[in-house]
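Protein sequence lines correspond, in order, to chains A and B. Using this note's numbering, read the first sequence as starting at 1 and increasing by one per residue. Using this note's numbering, read the second sequence as starting at 1 and increasing by one per residue.
If you're looking for bench data, these hints aren't it; they were derived computationally from the structure. Here the structure is a predicted model, which means the values were calculated and not measured. Keep in mind that the hints are not guaranteed to be accurate.
Heads up, incomplete: computed chain B residues facing chain A, CB under 8 Å, no partners named [claimed, not checked]:
(1) Val564
(2) Arg615
(3) Pro688
All C-beta atoms in this analysis are idealised placements derived from N, C-alpha and C, irrespective of residue type, glycine included.
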Amino acid sequence: MGLTEDRERFREAGETRREDLAEFISRGDLGGSGADRIRIPVKIVDLPAFEYDQRSAGGVGQGGDGQPQPGQPVEPEPGDGDEDGEPGEEGGDHEYYEMDPEEFARELDEALGLDLEPKGKQVVEEVEGDFTDTARAGPRGTLDVDEFFKRGLKRHLATDFDDAYVREGLFVAGADVDDVFAWARGEGIPVSRAWVADAAATLADERGEPVAALDRWESFEALDDGVDREPVTQRIRREGLDSVPFRREDERFRHPEVIEERERNVVVVNVRDASGSMRETKRELVERVFTPMDWYLTGKYDAAEFRYVVHDAEAWEVDREEFFGIQSGGGTRISSAYELVEELLEEYPYSEWNRYVFAAGDSENAGSDTRDNVIPTMESIDANLQAYVETQPGDGAANARHADEVESAFGDADDVAVARVSEPDDVTDAIYEILSTESSGGGSAPDGATVARRTDGGEHR
Amino acid sequence: MRDDRIEAKREADALDESAREARELAERLGLEPYPVRYWVVDHDQMNELIAYGGFQRRYPHWRWGMNYERQRKKDRHGLGKAFEIVNNDDPAHAFLQESNSAADQKAVITHVEAHADFFANNDWFGLYADRGEDGPNAAARLERNADRIAAIAKRADVDRDEVERLIDAVSALEDTIDQHSPVDAARSVEEPGVAADVSDDADDSLAAIEDRIDDLDLSEEVRRDVFDDEWLEARGEGVEPEEPRPDVLAFLRDHGKRYDPESGKAIDREPWETTVIDAIREEAYYFAGQKQTKVMNEGWATYWESVMMGGEGFAGPDEFLTYADHMSRVLGSPGLNPYKLGFELWTHVELRAARREVVDKLLRVEGVTPENFHSRIDLDEVADLLEPHPAIAGAGPATLDELADLAAAGDPRVDAEAVDLALSARDDAGTDPGETGGDRRGDIDVERYPWKLLTREGLAERHFVLSRPDHRGALRNVSREALEEQARYLFDVDRYETAAEAIEDVDRAAGWERMFEVRESHNDVTFIDAFLTDEFVREGNYFTYEYSRAAEEHRVASVDADDVRKKLLLRFTNFGKPTVVVLDGNFRNRGELLLGHRYNGVALDEERAKETLKRVFELWGRPVNLATVRVEYDEGAARRAKRRGEEPAGTEVGVRFQYDGGEVTEHDLDGAIEERIVADEVDYDTKPDDWLA
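Turn these sequences into a full structure, and let the hints steer you where they fit.
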């Protein structure tokens, strides 16, 4: 019982009620998501109740200044500005399950049974990793204080000794400085002869007679039996540590480990037919196929760039915001788009970039443009994958043969895919068709670990 | 509980004085709150308390987890930081957020005191929560339910998921209770197991027969063959309520069964199931009071908070800005804000009562009639006359002598004893400056708490609504019709020679008196119905909006006060939920349940209704039906209307949803049933005819 358990139960409830991913792609509201944040509506987890239809119910609002005129558009009001939580009064607000593109890609792999393994391309940069390497010189700010202190302390421990104990040696009958020094070193005490001589001189001064004459102890053996030596660590614990001898040579400066990253980067060119025959439903189908693929590739690769090309008889580049909405009036010449694609891709050498070219349209094309121009261009473009998505071919028009022609030209090639979508239910199949084309092809041996470490003059211990 | 936290304790100590003084001020103003225990909690504990509806222990259920996650998200994004949460109990427990500034804490305390007064004195709260001798006893009741349900969930012979499913089902129906007769909501929670039978309703002969069959100890097969449902239903009176029953939950509790997937039949509930149903139902009633008085209660608390904090300077001068900011945030939050609406309505109640009192007196001035009121009465002069006595208005150290004079003359506005004490403290301080006066018993700090010098009457004059700057014009707005109406029942006119004499007699507490009456007997529905006047709607720029199918967006529909009132009432009547009643417990003679949505021009959210119907099935055990009306639009007609810039006219069509454990199916609705669910008089649609023109 308690909050932990209730939260756990809620999490379980939430997960089972999240909109099915395939359902979301085919029919859900894609608009709520951004490029790096995918928001999947969660079926209302809240308990249902008999409630009014929001639209049918209308509502009451309050004008800021002046009474508004009937007929004036208003925003329906967004639920109470509740301050205290009131049980059972949660409004019908939407809940979202948010995932990043990585999770989306994983989930889509799982949902569709994909296993695209992105390839690492050229080394793009050396980045600074964690500050885990050390060197003997460096900026003051990077001084590894812990290490510095540890080394100092070690030295301190190595040179410190129980001086009272050594001094006691001088009281052994007949022992002179050399005897005491030899005894002490024999005991493993890190004392110098000079120190013993010093101590002897002081003692002789105090007592007025040479140390050899002092005879508190019969012999060193008797001393050992009579006096307990206090280990250094114990003494430090008792007396505390007044100073640790810090030396230059103990200084260690930390510096970042240098990591060479072989970035798995991708450029995706989305191409869409914007000619008059591409009506709203067709455009929406294109969006439903392209958007999840964009998310998927963003999630799969370290860095993803997207370019958007629309065309009628001419081709031009647009921003993502415009891409799915544009409708122009002109005819159709698909090769115009591929010419532009080829040009754009020059910025992304194939040796350094994974390249994807996704085109969509209703298969209408001018004359023999597909055979004469498009197919040769497609052949000349180096890319991991090129795909054509055919949406609702124009009412059996004779010239709607682009998809068929591409398909027959490339056959079973593992870098060209053709998919057909005529209603939302086909969307996930199309995505599978396209994305599985590359992953099923043997050409893309996974390039596994792409992070190489290189140490840079640092000292490893 | 939570007082083991040192930080919290320190905070709480610091608040002791504020709490004590706020209580004294509240009582001086006439409030009679339950005792309040204050706790200071950090934001995480606050989120948790909010999630659990203001109590520390509730039955185990995922929705508390959900509430917590939502609240935490809101909290993190700075939306709806909760300053406090207070629960309706005697004593009430108020939890204050640790991070509140000193000014916030004071404001919150005054707010809480007013809530506690509302809990203690509103009849609707009494009806729902305050059962029996020992008051609401809410924390204990909820805790007991928590223990019981947790114990059930732990039992070896009970599947925990089943318990949660049952709670889900009952909770989905927690608003389909009979708001007007919460009697015996908890009748069998006290002795779980007593109500093991389907019903403890003595005249339910069907249940009695079933009992007897149970006694025969027959095998399930024989029982099914010989005494099938049809036979049973033929014997018993069945469960066909004569009148539609609004308390759906009670009906299901009494006559419901549970569907057994193995036998495919409805079987009797286990005793623990009835215990769970009763517990959740009891809690639904407990919280009903809160849900039903949200606008009033929040408005009430906000009103007195503003009197105490702003009017009485309960916030020190240095804290006032923080407080003002706090208040503007509370009142300024977007949408239809219960704090704001409530606050404005209460002020409106006060204003009208006060104005009525003043007008009543002025109409008794010689020669003043409704017709010549505005010309004979110099309203500027009246406004001056209504200004509080300077010593009352400026009560404090500077006016002590003046107040003492008034006290000596027996002025009822002055607390003579307090003035005495303050005077002697001042004189002591004069002779012995080293001593700090405030520490001694009986002394009062008139610098910080000047209101201690005044009685309720004095405070009423100090805060008289018609002398507040925003409302000085209110007398000017009174219409001739209103004056005539009031004059009609007036006798003993020509009592005063001058306006000054008349104003002298004005009871400045009239506004507050009216407010206290209203706070006792009203709930949100009656409150809005009675006090949302034309004037209120006009001054507040309120309007209704509707969804336009032609324009595909919401449009302002009406600024008419009746429409605004109607729309608001829709939102508050029956907790803002559609009314659903039991029409038949033996529908089609097959033991099916038929629920009817009382259609009032606003359609159901069908998706949610279908989901809810599935929960009803869990509690009925046999097929369930819901009759409702939807508006259908002919596509061609809609297009034509759109082209003409008109709103398409829909057709109301009756429909019946049925659920038997598989899929929700849709059927035509029998005309006779449709007639039973459609209300003739009410229609909450406020769309004008020539709306889009």
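Consistency of the hints with the structure:
| no. | hint | result |
| --- | --- | --- |
| 1 | Val564 | 6 Å, holds |
| 2 | Arg615 | 7 Å, holds |
| 3 | Pro688 | 6 Å, holds |
This entry satisfies every hint, going by the numbered hints stated previously.
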